Amino acid sequence: MRARALLQSPFLADPTVGLLVSIALAAGIAAFDYATEYRLRVGVLYLPPIFLATWAAGRTAGLAIGGASAALWLATLFGKQPYLGTLHHLWEGTLHLVMYAAFVFAIARLKSALELAKERFVSAFDSLEAAAWVVDPESDALLYSNPQFSRTFGAVGSAGGLARRFGAFAPAPPEGEAFDTESGRWFYLLARAMRWLDGRSVRLYVATDITESKRAEQLARKQAEQLERTARLIAVGEMASTLAHELNQPLGAIANYNNGCIRLLRQWSGAPGASPAEGPSGFDPRELLELMEKCSTQALRAGDVVRRIREFVRRRPPTLHPENPRALVMGALGAAEGEMVDVRLQAVTELPAALPDVAADRVMVTRVMVNLARNAWEAMQALEEEERRLVVRAREHDTEVEFEFADRGPGVAAELERQLFQPFVTTKAEGMGLGLAICRSIVEYHRGELWFTRNPEGGTTFHFTLPVARR
Amino acid sequence: MFVVDDDDALRDSLRALLGSAGFRCEGYASAAEFLAAYRDEAGCLLLDVRMPGMSGLRLQDQLAERGVPIPIVFVTGHGDVPMAVEAMRKGAFDFLEKPYADEELLDRVRRAIASDASRRREEEERRAAEAALEALTAREREVLDCLLAGRTGRATAQQLGITEKTVEFHRSRIMQKLQMRTREQLFELCRRARVFPQ
Ligand SMILES: Nc1ncnc2c1ncn2[C@@H]1O[C@H](COP(=O)(O)OP(=O)(O)OP(=O)(O)O)[C@@H](O)[C@H]1O
Ligand SMILES: [Mg+2]
Chain H
1 MRARALLQSP FLADPTVGLL VSIALAAGIA AFDYATEYRL RVGVLYLPPI
51 FLATWAAGRT AGLAIGGASA ALWLATLFGK QPYLGTLHHL WEGTLHLVMY
101 AAFVFAIARL KSALELAKER FVSAFDSLEA AAWVVDPESD ALLYSNPQFS
151 RTFGAVGSAG GLARRFGAFA PAPPEGEAFD TESGRWFYLL ARAMRWLDGR
201 SVRLYVATDI TESKRAEQLA RKQAEQLERT ARLIAVGEMA STLAHELNQP
251 LGAIANYNNG CIRLLRQWSG APGASPAEGP SGFDPRELLE LMEKCSTQAL
301 RAGDVVRRIR EFVRRRPPTL HPENPRALVM GALGAAEGEM VDVRLQAVTE
351 LPAALPDVAA DRVMVTRVMV NLARNAWEAM QALEEEERRL VVRAREHDTE
401 VEFEFADRGP GVAAELERQL FQPFVTTKAE GMGLGLAICR SIVEYHRGEL
451 WFTRNPEGGT TFHFTLPVAR R
Chain C
472 MFVVDDDDAL RDSLRALLGS AGFRCEGYAS AAEFLAAYRD EAGCLLLDVR
522 MPGMSGLRLQ DQLAERGVPI PIVFVTGHGD VPMAVEAMRK GAFDFLEKPY
572 ADEELLDRVR RAIASDASRR REEEERRAAE AALEALTARE REVLDCLLAG
622 RTGRATAQQL GITEKTVEFH RSRIMQKLQM RTREQLFELC RRARVFPQ
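From first to last, the protein sequence lines are chains H and C. Throughout the first sequence, residue numbering follows my numbering, covering 1 to 471 in sequence. Throughout the second sequence, residue numbering follows my numbering, covering 472 to 669 in sequence.
Take the hints with a grain of salt, since some may be wrong.
[To be verified] Derived pair list, reagent style SDA-like, types lysine to any residue, alpha-carbon separation capped at 20 Å:
1. C:Lys569 / H:Arg307
2. C:Lys569 / H:Gln249
3. C:Lys569 / H:Leu247
4. C:Lys636 / C:Arg597
5. H:Lys222 / H:Ala327
6. C:Lys569 / H:Val305
7. C:Lys636 / C:Leu660
8. C:Lys561 / H:Val468
9. C:Lys569 / H:Ala240
10. C:Lys561 / H:Gln298
11. C:Lys569 / H:Lys214
12. C:Lys569 / H:Pro250
13. C:Lys569 / H:Met239
14. C:Lys569 / H:Glu385
15. C:Lys569 / H:Gly237
16. C:Lys561 / H:Ile254
17. C:Lys648 / C:Thr608
18. H:Lys294 / C:Ala572
19. C:Lys569 / H:Glu400
20. C:Lys569 / H:Ile254
21. C:Lys561 / H:Glu400
22. H:Lys294 / C:Asp573
23. C:Lys561 / H:Glu449
24. H:Lys214 / H:Gln298
25. C:Lys569 / H:Glu293
26. C:Lys569 / H:Thr399
27. C:Lys569 / H:Ser296
28. C:Lys569 / H:Val468
29. C:Lys569 / H:Asp398
30. C:Lys561 / H:Thr399
[Unchecked claim] If you want a taste of the chain H side facing chain C, the calculated C-beta under 7 Å gives, among others:
31. His245
32. Gln249
33. Gly252
34. Ala253
35. Asn259
[To be verified] Here are the in silico distance ranges between beta carbons for each label pair:
36. C:Val556 / H:Ala354: 50 to 60 Å
37. H:Thr427 / C:Arg581: 39 to 49 Å
38. C:Gly493 / H:Glu350: 24 to 34 Å
39. C:Arg592 / H:Met432: 49 to 59 Å
40. C:Arg537 / H:Ala354: 25 to 35 Å
Hints were generated in silico from the structure; no laboratory data involved. Quick caveat: nothing in here was measured; it's all calculated off a predicted structure. Here a beta-carbon is modelled for each residue, glycine too, at the ideal position from N, C-alpha and C.
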């Protein structure tokens, strides 16, 4: 631990300081050696100053100090033990010189390797689009941060301060989505334990801004919910309105029959020679007339009740906006695919480049297209996977845009043809028979029309029109 | 008159009601059936807006395309009011919203039939007037045009390059051929035949 701290101390980082300190050290060792008359054999003591010089000021400085150290050592040896002989002195001197030089080369090599590693690390993270930083969990120190970091988080003093912004107490927050309370943005934090250059175990963080996708996700969810709600509302409305329509028809018939009777009775009782007295045993047509009139009033009243139900149900009018037909189709096909889990909708679109905007309630029209796409898909279940193909076309007539959904299914059964659009008419085990009824209601809200044709090459095409939006 | 409605009971009941009021009534279950059977008979058409197959609005378009001028009274359920408005815009005679009182229905039907009858009468008169005008020679038509434009005998003579006397002769021939006694009668005839001064 202390050695590591020493490595980062200023006289190891600053070349001049390092060199001066190492010269002083070497001189001190030489003086000590001289004073102790070479009895302690302190040659190895020169290694720290040599290391210091090499580390702080580079290989050349290291070699210089190494050479000087060897010379100092030899001078001391020669001065204090001159009787050893020249050859011996030379031999010892060379040995030390070589040893020091080897030491310098080794240290220089180590240092450049470390520097290279750091450089690699830094250059990799400096160019990163995401904010990246390295934290020492023990000391709370921010060891490294890339340029994107300060752009994203501004000036951050300590790792703990940043972690608190994410709502974490420890300086090393956990991996995962995190909300930065200060910038109000969402990040995905990626954390990795790693060994720092000096061997410490630290944590590397990469924070990717996911605010946009988070927002898009929320929006999509909200839209899907709205679509679902509208779909349900429309379905309920359609059921009630169908009930109303179905009741209205017989009610209307009753009223008509009744009124016809009343008329005939009036003519009869008003006719000459048809006086009440001549009726069978006290029968007075006027009495009958009175009862039938009451009957008519009640039929009318029932009709009114039904009408109020429909009024209630149809309270939500469509909100029409100019909508791009292509965007409508694309959005609807996406929604259809989303609704039909585990099928990939193979839809081909043939949409002219320049279509005018249509006046449409996007949510409602999406419903229509989703229903038609689903029906088409369900009609093609019996086909091979690659045979199933839905073609969506759109084309412009002067005041309308016509949309077509063409499938390759078996076509509509002949006996179904007349009631296809009525609610609760279905051939599917799971079907409600509401899809097409809803479609027709919506299209008619828009003052368009919905119908179908048989394709000459097999399959069915459903067509509907929407009015072009007025500019 | 004609009723087109896909609901059998409703159609039958309408026939009963209209029959009780003295209308002779033919019912059709679909727009296509009606189109196939209709031969420009007099009367009016009572039409349901909403029907499977060809809707009431499409039938209206088809009739307009074929130049069939029969007046149409639309019957609508409550939700179809916008469609009824659309139908009116396209020239329907009237529309009725369900539920309706029988008098409302009969009243509208009566007016529609009356309008059809008067249109037919006008048409008849026009054809008769046109036929009568056909009998005139080219020169006589020229003189007639000048007359309609209110030109004097002299001006007419000058324009056509003939004498005033000849103009007078043509004029009496015209009156004789068309069996008209007064100028006013002549003008009325021309109005019916849609002959107007240039
Ligand atoms: N593209 C098509 N090809 C052949 N038949 C079709 C097609 N679309 C609809 N049909 C027929 O029309 C019927 C009614 O369709 P509709 O969409 O109204 O109800 P559904 O699909 O049965 O049920 P859901 O309420 O779930 O939509 C279907 O049951 C089917 O028989
Ligand atoms: Mg369906």
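Need the list of violated hint numbers for this structure, in ascending order.
4, 7, 10, 11, 14, 16, 19, 24, 26, 28, 29, 36, 38
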